[in-house]
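Those protein sequence lines, which keep their order, are chains A and B.
Be aware that the first sequence starts at 143, since it is given in the numbering used here, and climbs by one per residue.
Be aware that the second sequence starts at 26, since it is given in the numbering used here, and climbs by one per residue.
Worth flagging that the hints you see were computed from the coordinates, not collected in a lab.
For clarity, every value in this text was computed on a predicted model and none was experimentally measured.
Check the hints yourself; a few may be wrong.
Residues on chain A that point at chain B, a partial pick, calculated with CB under 7 Å [said to hold, decoys possible]: (1) R152; (2) A156; (3) R489; (4) P495.
C-beta atoms are modelled at their ideal positions from N, C-alpha and C, and glycine is treated no differently.
The lines below spell out each chain.
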Amino acid sequence: MLTAEQVRLRAPSAEQRELAASAAGMFFRPDRDERVDAGPEGDFDRGRWTELAGTGLLGAAVPEGAGGLGLSVPDLVVLTEQAGRALLPGPVVETSWIAAPALAALGQEWAPALAATLHGDRVAAAVDATLRGPDLDVASYVVVPADGSDLLCAADRLGATLRVSTQDRLERSFRIARGPDGGGSAAQPLPLTDGLRVLDRGRLGAAAYLVGVAGGLLEQSISYARLREQFGRPIGAFQAVRHRLADSYVELEFARSAVWGAACDVAEGDPAAPVAITCASVAARRAFAEADRHCLQTHGGIGFTWEHPLHVWLKRGATFAARYGLRRDLETELGERLLARTGQQPRGRPPRPHI
Amino acid sequence: METVRHREPVVTDHEEFRRQVRAWLAGNVPAGDLPDPDTDDGFGAHRDWERRLYDAGYSGISWPTEYGGRGGDVLHEAIFAEEYELAGAPVRITRPAQRFLGPTLIRYGSAEQRRRWLPGMLRADHIWCQGFSEPDAGSDLAGVRTRARWDGDRFVVDGQKTWTTYGRFGDRMFTLARTGEPGGRHRGLSCLVIDMRGAGVRVRPVRQAHGQTGFAEVFFDSVAVPAGNLVGPRDEGWDVAMTLLSFERGPDAGAPVRTRRRLDALVGDIVEAGGSPGTVRDLGDLYARLSAFQAYTCRRVGARLAGEPVGAESSLVKLFAARLDADIVQLGVELFGDERLAERAPEFLDYWHSRAGSIYGGTAEIQRNVVADRILGLPRC
Numbered sequence: 143m144l145t146a147e148q149v150r151l152r153a154p155s156a157e158q159r160e161l162a163a164s165a166a167g168m169f170f171r172p173d174r175d176e177r178v179d180a181g182p183e184g185d186f187d188r189g190r191w192t193e194l195a196g197t198g199l200l201g202a203a204v205p206e207g208a209g210g211l212g213l214s215v216p217d218l219v220v221l222t223e224q225a226g227r228a229l230l231p232g233p234v235v236e237t238s239w240i241a242a243p244a245l246a247a248l249g250q251e252w253a254p255a256l257a258a259t260l261h262g263d264r265v266a267a268a269v270d271a272t273l274r275g276p277d278l279d280v281a282s283y284v285v286v287p288a289d290g291s292d293l294l295c296a297a298d299r300l301g302a303t304l305r306v307s308t309q310d311r312l313e314r315s316f317r318i319a320r321g322p323d324g325g326g327s328a329a330q331p332l333p334l335t336d337g338l339r340v341l342d343r344g345r346l347g348a349a350a351y352l353v354g355v356a357g358g359l360l361e362q363s364i365s366y367a368r369l370r371e372q373f374g375r376p377i378g379a380f381q382a383v384r385h386r387l388a389d390s391y392v393e394l395e396f397a398r399s400a401v402w403g404a405a406c407d408v409a410e411g412d413p414a415a416p417v418a419i420t421c422a423s424v425a426a427r428r429a430f431a432e433a434d435r436h437c438l439q440t441h442g443g444i445g446f447t448w449e450h451p452l453h454v455w456l457k458r459g460a461t462f463a464a465r466y467g468l469r470r471d472l473e474t475e476l477g478e479r480l481l482a483r484t485g486q487q488p489r490g491r492p493p494r495p496h497i
Numbered sequence: 026m027e028t029v030r031h032r033e034p035v036v037t038d039h040e041e042f043r044r045q046v047r048a049w050l051a052g053n054v055p056a057g058d059l060p061d062p063d064t065d066d067g068f069g070a071h072r073d074w075e076r077r078l079y080d081a082g083y084s085g086i087s088w089p090t091e092y093g094g095r096g097g098d099v100l101h102e103a104i105f106a107e108e109y110e111l112a113g114a115p116v117r118i119t120r121p122a123q124r125f126l127g128p129t130l131i132r133y134g135s136a137e138q139r140r141r142w143l144p145g146m147l148r149a150d151h152i153w154c155q156g157f158s159e160p161d162a163g164s165d166l167a168g169v170r171t172r173a174r175w176d177g178d179r180f181v182v183d184g185q186k187t188w189t190t191y192g193r194f195g196d197r198m199f200t201l202a203r204t205g206e207p208g209g210r211h212r213g214l215s216c217l218v219i220d221m222r223g224a225g226v227r228v229r230p231v232r233q234a235h236g237q238t239g240f241a242e243v244f245f246d247s248v249a250v251p252a253g254n255l256v257g258p259r260d261e262g263w264d265v266a267m268t269l270l271s272f273e274r275g276p277d278a279g280a281p282v283r284t285r286r287r288l289d290a291l292v293g294d295i296v297e298a299g300g301s302p303g304t305v306r307d308l309g310d311l312y313a314r315l316s317a318f319q320a321y322t323c324r325r326v327g328a329r330l331a332g333e334p335v336g337a338e339s340s341l342v343k344l345f346a347a348r349l350d351a352d353i354v355q356l357g358v359e360l361f362g363d364e365r366l367a368e369r370a371p372e373f374l375d376y377w378h379s380r381a382g383s384i385y386g387g388t389a390e391i392q393r394n395v396v397a398d399r400i401l402g403l404p405r406c
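Same shape as in the complex, but just chain A (with noise of 0.2 Å):
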């Protein structure tokens, strides 16, 4: 049901349009390619990840009085996304989504380990349900969902034992890997921030940042179909090439509809926020399928090749679509979901077409 304040709350407002926009000019750095940020063997950049540090998003949501800037969840989807269309490397969600706020809701005892993440003189990440996540070889915390409380594990010791190869994952510059599983001896329960468990809150940091990957995917095949020509006219002139940016803008618009609802539902403490998460997961996994298929097709050959950098954005967009849940088993989550709620009500019938 649509509320005065619901509505109002949900036009973007125009300090959030600003905020994307001063988000976009810091994260995007035209000198700098994040395709080269690891190199072959998957170094870390630790100088990347101080930069990114100094932008103020890893501790966006962290309370100003603890270092951070204070930002509610649907600012911080606004921060993500622009992360997501410049391709930022590391653990962005997982820090500024899960591990900052985690430190901070522990307090004062962790304030120097908050204080150093958000320095980025540490580095936090977090890991889903699978265990895996990025950087976990060079992170001193690791926040692993698990079943009652969350934990976060100090995760100094892992450096050793981990290593992160190029082999493991599926594009050089974003470094996953399998970690640990909580069971550790320093791990130490979490509360609920905002309301919400850890793997919602990756869930919906993961959407937000796919569904700038997805946006990033499709401002580049824009770009390109008005430049290339064949036939002596641009492609995007063909309706064969902008039906298909056409539709992947459709779903692009809707999953970010749909992802910043859900920040919105979390920012009214709705209690049944975490079930429109996981349908924003799925409209982001939607939205990204869609502009991986076009916008390689649009680029032809060309988005094949090893110099152009669309591959990097279509391997960043496969590895967030597989964060925090694969499509179908959130689809079946939420089939089940809707199931149980219909079996309690009396059967309706479809509404009468206006005809």
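Dock chain B against chain A, hints included.
The following block gives chain B in isolation, referenced to the frame of chain A:
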């Protein structure tokens, strides 16, 4: 001349308004369906229902009170649409008038025209039709050929319109006709209000694939139209028509509720049939898409409430929602077979109507071109 009853404006408190609407609908929506609006009796029953809505102050929620509307805002309109669909209330035969014909007259009509036409529209005293499409001007609207010749003190109209919704019962048509040179494309078009009961107008109902005659062909043979029925400047009807389409494309908060009812009904059937393990994932996909549709609609209503102009978003809605609705209906067919499509089944009309969703109001191909042109900025084809 119609007398206009000035109404009290709608209460500004939206939640209070929702409570009022919900209570009124609970007490007034007819139990069981009204007779089929495709029959004379059924149409009459729907007309009576429109009058009850009008008398209760629930017609033209966001129209100015001086024309019989309720003077509400976009959110009042959205709340009413949600509650109306939730209550499973009858089809609105004034839908074209409420959503776009009236608002276009409010924008472009003279003071005299607004007084003359608007209250009768809301009360369903006169049924209004939109007369844009022609046999040779469907997707290509600027190809309109219906001719309106100026004859000293009136226009004389010859030509043909098609796909005219409620044409069979229509009293007035908001017509796009060519007053300039033939072949002038967007130039030399004018909007005229034509009395469909007048001399020279012939209406031929068109039976559709589902058997209903929801629309008609309308033929004009030297139809005299008074000068006072010209809406907006002569020869500049294209701008008026585009404004009309932008109203037609405004957010419809009832649409996601309808989609939800469609999905809930299907899920109810599945539960009653003892479940269908192979479809759990399909249902989850539909649920996620419905949720995105709700979120998108909420965002659009918010944007309109904040005063943002209507852009090409309606093309996105048409593309997204037409496919979603068709997929829900199609899943039902896959699960329950052709029996579900028998003429007496409640799903029969829904099935065929959902298949029309990618055609009416601008085909999916045209909508994609609108997105490509107006949002993505791709080179024109």
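Violated hints - listed by number, lowest first: The structure conflicts with hint 2 only, although it agrees with all the remaining ones.
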